[in-house]
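> Both chains come to you apart, so use the hints to assemble them.
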Amino acid sequence: MADRALVGQGGRVGRPRINWIAYVLVAPALIMWAVFNVYTVVRGITMAFQDYRFLYPETQGLLNSFNGIDNFVEMLGDRKVGESLIVSLKYTALYLPASVILPVIIASLIARVTSERLASLFRVIVYMPAVLPIAAAMLVWRKLYDPQFGYLNVVISKLVGQRVKILWLGPQLALTSTAIAALWKGFGYNTLLFLIGIYGINAELYDAAAVDGCTGVRSWWYVTVPLLKPIFTLILVLNAGILGATEQMMVMTGGGPGDRTTTTGLYLWRVSFQYGDLRMGYAAAVALVLGLISMLMSYVVFKVMRSERA
Amino acid sequence: MTATVRPAARRLISGGISIRRHMGQWILRAILIALVIVCLFPILWVLSSSFKLREELYQATPSLLVRNPSLENYRFIVKELPEIPLMLRNATELCIIVVVGKLILSTLAAYPLARMDFPGREALFLIFILSIFIPRAGGLMATYELLNMLRLRNSIPGLALYWCGQLTTPLFIMRQTFLGIPREVEDAAYIDGASTLQVILRIAVPMSATGMVVVVLNEFVFHWGEYLTAYTMIDDSSKYPIGVGIALVRGWGTTFTSQMTATYGAESAGYLVCIAPVIIVFVLLQKWFIRGLTEGILKF
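Protein chains in written order, with the working numbering: chain A, 1 to 310; chain B, 1 to 300.
Isolated chain B, as found in the complex (with noise of 0.2 angstroms):
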């Protein structure tokens, strides 16, 4: 009975309001418009001040717009900051082996979790997730005494094995992803006489490929931002990832005011070069990030 008055007055209703309707749409937009204006406005000036010279820069009121774009605040970081193009470098290592390290360990451990049968799966798979709500207190200082007993404080590798620990949404992604394999794909492999390590290996690894494109992606964006914890675990300025040594920027910036490169410019094309590789990765692969969030923490 309802099931055929609904469609009638869906209909009726949008009809009727149609022109509203209509309006109302522009309205909507225009006010998101707005908001992306909001989002992109830092990025974007940014930007442009990275392309400005002096004169340019400090004028009464600046435009967003470059009249005279010039390279030179790219090759001022690049030739008299050696240390950002080492940053750069840091922060490349330190993803590079994070991201495959939390790929290999969270894939391998993910794989029983879903699929076989043991003593301890549930209850395991329980205190992994138990383990985001638990507050870190005094996790950071016993983290930096632990470091320092393995004498891997104030190093990449040290930092990196640290950052390796951190399993919970790569595991819950990657076991999420396995459970989305067809059952029968590996029961027939099975019967076809293939071991569990061939069946992981051949099928269940391959078939799997989308969730690790997710976990990649959101572990590499994650780390190349983390502040903190590097910040903590790493003393020399020289060991940085650009994550954490570009809050050094500024001080140089001032300091090399007799340059010919303006302070804002310099460090406008410093703030660039540490954002420009998230983004890039963030609008050319977008989907999947929006993946991670769906098939990662809203499945908890």
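One chain only, chain A, in its complex shape (with noise of 0.2 angstroms):
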């Protein structure tokens, strides 16, 4: 014992003696990640390059079934992953920027108001949706959206005047719904998020601006906007996955009406959990190729966001 305190004279006290330990503490963290990150998204990989049908057991080994890139192949003559990346892309296009512009906007100005027990109210209700359980945020709305009894309609009707029935789950509004009951659940994540970001910005640079003569609105983009550009980053890498967005349309139209919100997560889902011989090696490939796009959009992003700050 005494001469670990003599260790300890140089403020490291016994760490040379205890390394095992460390390694004992990590492991069981590190071998669930292992198992359950490392491993599944290598086996995901290598699962894209076989002929994997879930219900052919002897198609499930990787020699078996090995058929190098006719997934792929496959996948270029496959109409409906065509169509279902456009469903994607169009539902990225709703999405992302409404969910990074408004919440910009609204941290802002809950950012403004000066009295602290509203901007507490404030926050805490805007961030209310983002815990809700994604199925029941989506279906709270799917009754909303109900053509006949939902009250959006019912209070559209009362403002304009007149009985107005809107499909807003029919062909040409189901997308822009979804995207829109998304939003509602998300949009306060980020809102926090950014005002946290303006919260810690340094008053003295208002003052500073204000000097300058840069005043209001004027110092909210010259000095506020590039502030949180680090903010701005961190929800872009955090939406990467939007492009397979999936559950969304699982629950709140089921892909429908047609194909309409079909998106290419929805798809590849269905083709591995639900279709036929439940083709998980062809539904891996998809995945692969979209999350490679995915990587490629975000690359652009940080290139984009990294020049600008240059």
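Don't read these hints as lab results, they were simulated from the structure. The structure displayed is predicted, hence computed values, not measured ones. Do not rely on the hints blindly, as some may be mistaken.
Claimed, not checked - Result set (SDA-like, lysine to any residue): computed pairs, CA atoms no more than 20 angstroms apart in a straight line:
#, chain 1, residue 1, chain 2, residue 2
1, B, K287, A, K303
2, A, K143, B, F133
3, A, K143, B, L65
4, A, K303, B, E55
5, B, K287, A, K229
6, A, K143, B, E55
7, B, K287, A, V113
8, A, K229, A, V211
9, A, K158, B, L65
Unchecked claim - Pulled a few chain A residues facing chain B out of the computed Cβ check, cut under 8 angstroms:
#, residue
10, A22
11, W33
12, V35
13, R43
14, A111
15, R112
16, V113
17, L118
18, I125
19, I134
20, L139
21, L144
22, M280
23, M295
24, V300
25, F302
Quick reminder that beta carbons are idealized off the backbone N, C-alpha and C, glycines included.
So, in structure tokens, the structure goes:
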């Protein structure tokens, strides 16, 4: 014991002797993480080069059903992949810009509220939809969208003074409606991220800008927004999976009407877990391509963000 | 020089436009209150529908206020839809296993990552973090295969095990918490002759209670609402957690229209039962959720 105290004279008390304990402590988490993250990601990639059909056990081994790039070749001729990719891109275009722009504006507004109690109330309520179970949130909106008994049409009817029957989940609007519902659930999280960023900005910067005659909206644009760049990047990174959006459509529309809201994520999920032989190999290949497209898009975003900083 | 000018300039500006600023505050509040209505309206609508009887639900212009509140819809989902209480139980079981499991795994691993020197520490932490940025691509199919091989597919423990492997966020929060403990406290304990395990159990863990609360709450809310992976890994509807099973309620609602209870009312009661636990936890303990954001994701 005494010599350990002596070792500690330099401030690094006793640590050189206990390395093995560190490994023992890290091991359980590392094993779980390796099995359910590293292994599954790698296995998911290898599956893409197999004619893996879950209902046919003989196709499950990598060597039994290795088929090179056949899945990728098949994908080129699969009309549904192309169509669903367009739906996914449209959904991303509807959701992503709004889920960044709306929160940054709302966060800036909340940051301007002088009463701290009111500001805290706003923060809580804005964040509330974010904690709801995704299925419940989507189902509630499904009910709001109901053309006959949904409240949305009732409210609009009252506002315009005549009865309207908008088909929110009809062919034209279904994807937009889904994006709106998802936005309702998702924007509070991003708002809070921005808000934390804004609270962290040094107030003196605004004073300095004010001395230079830069106030109000201009100080927001020239001081606040540029300083929030790390948060913008973070949100875009966290949303990298948006192209694979699946569960929103699953619950809200089931991909319909027709295939109007069948995203690539939903299509490959069905190929893998619902249709026919459960062709997981082919689905994994589609997923791999989708993942690569997502990564490419993130990369472009990073590049743009970085070049603007310079 | 500038330091003396600044406060004066600020006073000048704020003094000159104080009335405008006052009005601005009210406009601001009006906008934000409109936003609050948008946020709360769907939740309030479900709440009110769940207490309405048939006649009120199907009015031409239904109102948010309930004239004859009734618990009939709740009686219906408990008595006629035994799946709902069962799914609530499944979700509770899952959440308890996963939250406790993740808390233990991440606390144990986070301490060495924060405080101990060992070869590979930096690399280990880096790969834990980087794993967030790698697309999961075929991960869902591979997990399905893996759990099937382990004979854990279509089972609550299997799903819980898989969820326990998603450790990045809790690990990060716990590491951040340990880094926040003053080093002197631990060093003093070492000098008094405590072993590493004693320091962890008697000092570091009790002092990291705040981080643990953040982890517990965030993981609870997240897994209570998890849909896609649970729906994929579990086949029997009797094993669904409520966050998945709730999507089945609409079918039952229409099936049971011959009953006294109206379709929409029963559905609404189901939705409310599903969201109530997270809403209650969130409203009572909201500051911890915001803390989870500041200490977790924003420190990356």
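> Look at each hint and say if it fits the structure.
Tested hints:
| no. | hint | verdict |
| --- | --- | --- |
| 1 | B:K287 - A:K303 | 35 angstroms, violated |
| 2 | A:K143 - B:F133 | 35 angstroms, violated |
| 3 | A:K143 - B:L65 | 18 angstroms, holds |
| 4 | A:K303 - B:E55 | 59 angstroms, violated |
| 5 | B:K287 - A:K229 | 25 angstroms, violated |
| 6 | A:K143 - B:E55 | 18 angstroms, holds |
| 7 | B:K287 - A:V113 | 18 angstroms, holds |
| 8 | A:K229 - A:V211 | 24 angstroms, violated |
| 9 | A:K158 - B:L65 | 16 angstroms, holds |
| 10 | A22 | 4 angstroms, holds |
| 11 | W33 | 5 angstroms, holds |
| 12 | V35 | 6 angstroms, holds |
| 13 | R43 | 4 angstroms, holds |
| 14 | A111 | 10 angstroms, violated |
| 15 | R112 | 6 angstroms, holds |
| 16 | V113 | 6 angstroms, holds |
| 17 | L118 | 7 angstroms, holds |
| 18 | I125 | 5 angstroms, holds |
| 19 | I134 | 5 angstroms, holds |
| 20 | L139 | 6 angstroms, holds |
| 21 | L144 | 6 angstroms, holds |
| 22 | M280 | 4 angstroms, holds |
| 23 | M295 | 6 angstroms, holds |
| 24 | V300 | 15 angstroms, violated |
| 25 | F302 | 11 angstroms, violated |
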